[in-house]
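Go ahead and model the full structure; you've got the sequences and the hints to work with.
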Amino acid sequence: MNAAMKSIGLTLPGFVILSGLALSVADGSGWVGVVLALVATGLGWFVIRGLARHFSGAGWARLSAPIILGLLILVVWEVTVRAMQVPFVILPPPSAIAVKMSTSLPILWGDFVQTFVKGALTGYILGCGAAFLTAVAIDRSPFLQRGLLPVGNFVAALPIIGTAPILVMWFGFDWQSKAAVVVVMVFFPMLVNVVAGLQETTAMQRDLMHTYAASYRQTLFKLRLPAAMPFIFNGLKISSTLALIGAIVAEFFGSPIIGMGFRISTSVGQLALDMVWAEIVVAAIVGSAFYGILALIEKGVTFWHPSQRG
Amino acid sequence: MIKSALSVLTVVAAIIGIWYLACIPMNMHEAVQQAERAGAEVTPAKAIDRLQMGGIALALKNPGLVGGAFGQERPRLPSPEQVAAELWKTTGAMAANGRAFSKRSLIFHGWITLSATLLGFVFGTGLGILLAVGIVHSRAMDMSVMPWAIASQTIPILALAPMIIVVLNSVGLQGLIPKAIISAYLSFFPVVVGMVKGLRAPDAMQLDLMRTYNATRAQTFWKLRLPASMPYLFASLKIGISASLIGAIVGELPTGAVRGLGARMLTGSYYGQTIQIWSALFAAAILAAVLVGLIGLIQRLTLKRMGIQA
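Residue numbers (the numbering used here), protein chains in the order written: chain L, 316 to 625; chain Y, 22 to 331.
For the record, the hints were derived by calculation from the structure and aren't laboratory data. No false leads were slipped in.
Keeping only pairs whose Cα atoms sit at most 27 Å apart, straight-line, the calculated BS3-like set for lysine-lysine is:
| no. | chain 1 | residue 1 | chain 2 | residue 2 |
| --- | --- | --- | --- | --- |
| 1 | L | 552 | Y | 218 |
| 2 | Y | 67 | Y | 82 |
| 3 | L | 552 | Y | 259 |
| 4 | Y | 218 | L | 614 |
| 5 | Y | 259 | Y | 244 |
| 6 | Y | 325 | Y | 244 |
| 7 | Y | 218 | Y | 244 |
| 8 | Y | 110 | Y | 124 |
| 9 | L | 537 | L | 614 |
Facing chain Y, a subset of chain L residues (Cβ under 7 Å, in silico):
| no. | residue |
| --- | --- |
| 10 | 481 |
| 11 | 564 |
| 12 | 591 |
Computed from a predicted model, the values in this text were never measured in an experiment. Glycine is no exception: its CB is placed at the ideal position from the N, C-alpha and C atoms.
As structure tokens, this is what we get:
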């Protein structure tokens with residue numbers, strides 16, 4: 316424990332002080348700033364190594380290690396951009412992105428509602444719901460299963476995003492076309508997962524339900540759907556990232572003058588890279604939060620599954 | 022085998038059938054309008070009344086004109102044989118004329134996209150494997166990098182594509198490399214996650230056996246971990262290659278590119294050339310299927326030689 320305290324007790328303050336120093340001298344300092352930042356990075360890496368060596372079991376260490384790595388990258392990015400005076404149009408420093416975000420909150424909120432709430436979420440619910448119902452329906456027919464599963468697997472690997480221009484042409488520029496793209500994108504990954512999940516029960520379990528004289532409906536709701544939950548959540552999680560991608564990329568093909576994809580493509584055109592990065596940060600937060608919420612629900616629903624009991 | 026082939030064929034036939042049927046309501050308005058211009062009797066006679074009717078109702082009122090829904094020059098939904106004809110016209114027929122690499126040929130555009138895909142795939146896979154090796158061998162990397170690798174999958178990285186293209190363009194990089202970088206980024210994470218799982222696949226017993234042989238870490242890696250990871254590697258390569266194809270296609274969109282399958286889709290959507298969009302989409306789908314199939318073949322040969330799979 317003593318050695319552990321020593322290793323982190325020495326490197327952590329060093330890392331903080333050096334980072335502060337590098338940040339304060341950064342502007343136009345050239346290689347001096349970069350070298351300072353790199354030394355700070357080295358110290359930060361020793362902090363992470365110390366955490367990994369001595370506290371690898373602790374929850375707080377598992378949480379702080381990636382955070383420290385994130386800080387390292389932010390410091391190197393900020394200092395390097397300012398010290399070497401990288402042109403703004405190539406890479407703005409993180410601080411400029413943060414300032415842009417705080418000054419344009421209404422725009423970011425409007426884009427978020429347009430792209431995520433209206434486009435991605437609507438399409439996600441429709442697409443996953445349709446895929447779920449289809450999966451339950453074809454589950455009763457082995458013929459359809461044999462036929463539809465290979466096709467579904469094939470379609471799930473295709474560049475579905477290519478349907479975006481077609482769907483934008485059909486459903487117009489507003490969020491309906493984005494929702495349609497999302498529906499098409501999430502349908503097959505979700506379908507394949509639900510069908511696989513519904514086959515998860517063993518013959519023994521189904522026989523048991525049979526001896527209980529359980530009807531098809533009872534077997535479905537009490538045995539097979541709960542058993543399928545890990546697969547269903549896997550499909551939901553994969554679809555959650557696809558949904559956001561689909562909604563954003565579909566806006567590249569035409570949109571009203573609001574939306575994350577629209578903002579990204581027009582801001583790139585104006586070389587307003589801080590705005591682009593701000594939208595990317597929003598997308599990252601939204602994407603991670605969406606995924607995290609699903610993971611939390613999964614934890615509650617599938618508490619019995621080995622992967623959740625570690 | 023024959024049974025499942027039959028089911029797949031049935032499903033595919035059903036999809037094509039639905040496609041043909043869907044052409045009628047989608048294209049009926051245009052068909053009726055053309056018939057009216059040609060002087061035919063149509064119901065209802067006023068264009069404004071027709072606009073408010075659904076496609077199906079219009080088809081029922083004008084059963085004689087249903088044939089006009091097929092074979093239009095710019096249909097909302099081209100029929101399967103139109104797409105097939107366009108595909109043949111821009112690939113096989115041009116190749117037969119010795120113009121396989123003319124600018125109007127899909128072989129040429131497909132090659133442009135394919136070269137970016139493959140370059141990005143090779144980069145992404147190599148980097149992914151290297152990172153996975155690092156993560157498996159260093160606790161510090163495992164604790165700090167792995168959470169970011171997982172979190173980054175929830176971020177719609179495709180939204181970054183336009184920025185990467187423009188930024189690299191401003192430093193003088195054009196054409197192949199920016200697209201390949203996007204492809205590499207997309208194929209990178211499936212490989213990292215799959216390889217980490219694969220390199221950790223040997224159980225404690227096998228690792229202990231290596232220890233009793235007094236094997237070094239390098240020997241354990243080459244003789245146990247790497248061979249054990251092969252099934253995982255191929256599974257993630259299949260995901261990776263279709264992801265890098267998507268990356269290359271999306272990478273072609275934002276610059277208003279003139280070459281590549283993505284550019285064909287974009288120009289098609291600008292000029293309302295639906296048949297062109299659909300044929301580019303199918304070319305991309307065929308390309309994805311061939312690439313995934315190719316990796317599947319290599320997988321079977323490799324695993325067979327290694328004695329893992331019969």
